[in-house]
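Asker: Given the sequences, and given the hints that come with them, work out the whole structure.
Protein chains in written order, with full-length UniProt numbering: chain A, 1 to 325; chain B, 1 to 325.
Some hints here could point you the wrong way.
[Unchecked claim] Below 27 Å or equal to it, Euclidean Cα-Cα: the simulated DSS-like pairs (lysine-lysine) are:
id, chain 1, residue 1, chain 2, residue 2
1, B, Lys55, A, Lys154
2, B, Lys22, A, Lys158
3, A, Lys124, B, Lys29
4, B, Lys163, A, Lys158
5, B, Lys147, A, Lys158
6, A, Lys6, B, Lys29
7, A, Lys55, B, Lys6
8, A, Lys120, B, Lys147
9, A, Lys39, B, Lys249
10, A, Lys41, B, Lys6
11, B, Lys120, A, Lys103
12, A, Lys29, B, Lys210
Just so you know, these hints were derived from the structure itself, not from any lab. From a predicted model like this one, the values you see are computed outputs, not experimental measurements.
Protein chains: 2
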Amino acid sequence: MDFFDKAGIMTIGTRFRMLNEKMTEDANKIYPMYNVDMKPKWFPVFYIVSKEGEKSITEIANQIGHSHPSVSKIVREMINHKVLSEKKDKNDGRKNNIRLTAKGKQIADRIEDQYADVKKAVAKILDQSKFNMWYAIEEFEMLLEQKSLLQRVKEEKKYREAKKIQIVPYDPKYNESFKRLNQEWIETYFEMEEADHKALDNPEKYIIDKGGKILFALYENEPVGVCALIKMENHEYDFELAKMAVLPKMKGKGIGYLLGKSVIEEAKSLGAQKLYLESNTILKPAIQLYKKLGFQKVIGFFTPYARCNIQMGLEIKKNIDINYR
Amino acid sequence: MDFFDKAGIMTIGTRFRMLNEKMTEDANKIYPMYNVDMKPKWFPVFYIVSKEGEKSITEIANQIGHSHPSVSKIVREMINHKVLSEKKDKNDGRKNNIRLTAKGKQIADRIEDQYADVKKAVAKILDQSKFNMWYAIEEFEMLLEQKSLLQRVKEEKKYREAKKIQIVPYDPKYNESFKRLNQEWIETYFEMEEADHKALDNPEKYIIDKGGKILFALYENEPVGVCALIKMENHEYDFELAKMAVLPKMKGKGIGYLLGKSVIEEAKSLGAQKLYLESNTILKPAIQLYKKLGFQKVIGFFTPYARCNIQMGLEIKKNIDINYR
DNA sequence: TATATTTACGTAATTAGTTACGTAAATAAC
DNA sequence: GTTATTTACGTAACTAATTACGTAAATATA
Chain A
1 MDFFDKAGIM
11 TIGTRFRMLN
21 EKMTEDANKI
31 YPMYNVDMKP
41 KWFPVFYIVS
51 KEGEKSITEI
61 ANQIGHSHPS
71 VSKIVREMIN
81 HKVLSEKKDK
91 NDGRKNNIRL
101 TAKGKQIADR
111 IEDQYADVKK
121 AVAKILDQSK
131 FNMWYAIEEF
141 EMLLEQKSLL
151 QRVKEEKKYR
161 EAKKIQIVPY
171 DPKYNESFKR
181 LNQEWIETYF
191 EMEEADHKAL
201 DNPEKYIIDK
211 GGKILFALYE
221 NEPVGVCALI
231 KMENHEYDFE
241 LAKMAVLPKM
251 KGKGIGYLLG
261 KSVIEEAKSL
271 GAQKLYLESN
281 TILKPAIQLY
291 KKLGFQKVIG
301 FFTPYARCNI
311 QMGLEIKKNI
321 DINYR
Chain B
1 MDFFDKAGIM
11 TIGTRFRMLN
21 EKMTEDANKI
31 YPMYNVDMKP
41 KWFPVFYIVS
51 KEGEKSITEI
61 ANQIGHSHPS
71 VSKIVREMIN
81 HKVLSEKKDK
91 NDGRKNNIRL
101 TAKGKQIADR
111 IEDQYADVKK
121 AVAKILDQSK
131 FNMWYAIEEF
141 EMLLEQKSLL
151 QRVKEEKKYR
161 EAKKIQIVPY
171 DPKYNESFKR
181 LNQEWIETYF
191 EMEEADHKAL
201 DNPEKYIIDK
211 GGKILFALYE
221 NEPVGVCALI
231 KMENHEYDFE
241 LAKMAVLPKM
251 KGKGIGYLLG
261 KSVIEEAKSL
271 GAQKLYLESN
281 TILKPAIQLY
291 KKLGFQKVIG
301 FFTPYARCNI
311 QMGLEIKKNI
321 DINYR
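Answerer: So this is what it looks like as structure tokens:
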């Protein structure tokens, strides 16, 4: 139907249901042709018990991919129709062992011809198909197992949104955002300190004028993330990566990574060789990000921040300049 | 799963359900990612109304392939969530026109990104597949529309059973069957006549000894069908095809056609050129069969049978003997 | 114009599955 | 050996669809 093509995968449920209804309707007429007292919904249970012999409710449920209450109900129906019989397990009083009755065995016998006929009929359909539905479903299930639809959609979303993020250099008009974004997370986990106030209230004086940089991430022209590069004087490290913040509702879009990468590039272009940063181990996603950017734990440096309990460093690799000429 | 491969198409319902459950679970998590107040089961209704504007309950139901009560309930839920609004049709008081509210329009707007992301995610799965599931289902549906599973299974059954049918020549041990099979249908529709008794009680004398033939159809070595070829003396036609009968519960397996073909072959090998038969038009399947065998209506011959209201004839074509030497 | 049929759609009952929960038996942990 | 946890499975409640049915409006028919 046209609707399915337009609306796509989100309607797969309806499509499956309709196809299944058609098949069930036919199955309902096929069983009597073989003189078999069977309902389509009984079939999976019947098949397992007839092919593999006595089985408990849970074993059947696991094999056919139903919940155990479903099997319990189907088995009850089939017992009422004298197709199955039940018997408590001798060694395990919880188990209810299910097996075919004489009538069930008779059905198993008669149904063999039906299996053969249905298999041939379906094989002919699939042979005529360019895209074998049986294999297609198997393949689809396999690919979803490797990576779920949810995961795949998340990736597409992240990718699409990342393209909408712009990294721009410092501009006084973002001063208020610079403070707000940082204050937000600092006050969530810690308290604002002396050094915070200095840098956040006057970035121009304390960061830019001292040879540092500030980069902003814009989403639809609104600042949603920030990261600063602060010049370190008389220090083994050239710059400190600091004041990194991302708007909470914009997390998970790779903005932090993008800012980090950009700041490192910036440092490189300023001739920096070693970057330094301070953080706290309760900020797990941040530490994770720093590691992803290449930072490793270092020790022994002085810090003015009370909240700092981890220090990290990164050696910037020079680009290897391959000259093909 | 192994179970599906072994048990085949009769478990397609379970397989569809499981795949659908997995997708629905993911869909439930995907909608909130886009800030959209939507349930997977609402989606088809939402899609139609958002893309095509105001629509009545039945129109929606037809387009998305649900029953109208289903749409009625879903719409009620969506109205409670302020996603849709309803309004009686001005010109037709039975109709309930459904459209998006402001909130619904906002959702339609937000969901566009989701469509794009989901489409890309699915496209990547299908591109990786050797058998494209979307096309595969479409193809399968199309092939089932051309000929239903039921029809296909019937054909396979007929073919398999036809192979189990043997056509054998007259043997006195089948005398009782010869009478029973014919008496059965004659007494169902008519009454036994003088000529019936003669032929059925003494086939050897009245048919075989006069240069005629009787063929039996055996199914698992039991006679289930019969047809006689009666020599016609001083007549334009060489033989009469008569006393054709098939056991009622064995109908629909092509036994009649097989007997007819065999009898015609037999006649040909006896040098016959024209066959004749008598019947009654209330026996529609029989007349149908005679036509299929090549008989055509003829008129004006004498008959001893009261039940005869149609006479038919067949000119036997000689095999064209192509000699390649 | 009156009457019969068809159409739209809401409510109720049914179906085939699910999850939630409780109980009893078996097994593991201390 | 007692206690805690896990397992088996039945019952109850829920879900998302269906079919069945009734009513009212619209349309066709005589």
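Asker: Compare the structure with each hint and give your call.
Answerer: The hints, checked one at a time:
1. Proximity of B/Lys55 to A/Lys154 is assessed by CA-CA distance (about 33 Å); at most 27 Å being required, the pair is judged violated.
2. About 22 Å separates the Cα atoms of B/Lys22 and A/Lys158, which keeps this hinted pair within 27 Å; it holds.
3. Proximity of A/Lys124 to B/Lys29 is assessed by CA-CA distance (about 39 Å); at most 27 Å being required, the pair is judged violated.
4. Restraint check for B/Lys163 and A/Lys158: not satisfied, since their Cα atoms lie roughly 62 Å apart, outside the 27 Å limit.
5. The hinted pair formed by B/Lys147 and A/Lys158 fails the criterion: a straight-line CA distance of about 46 Å is larger than 27 Å.
6. In summary, the hint linking A/Lys6 to B/Lys29 is supported, as the alpha carbons are separated by about 22 Å, within the 27 Å threshold.
7. For the proposed pair A/Lys55 and B/Lys6, the alpha carbon gap of about 18 Å is at most 27 Å, so the pair holds.
8. Between A/Lys120 and B/Lys147 the CA atoms are separated by roughly 14 Å; this keeps the pair inside 27 Å, and the hint holds.
9. For the hint pairing A/Lys39 with B/Lys249, the CA-to-CA distance comes to about 23 Å; that is within 27 Å, so the pair holds.
10. A threshold of 27 Å between alpha carbons decides the hint, and for A/Lys41 with B/Lys6 the separation of about 17 Å falls inside it, so the pair holds.
11. Between B/Lys120 and A/Lys103 the alpha-carbon distance is near 52 Å, which puts this suggested pair outside the 27 Å criterion.
12. The suggested pairing of A/Lys29 with B/Lys210 is violated, with an alpha-carbon distance near 47 Å, which exceeds 27 Å.
Against the hints set out earlier in the document, violations occur for numbers 1, 3, 4, 5, 11 and 12.
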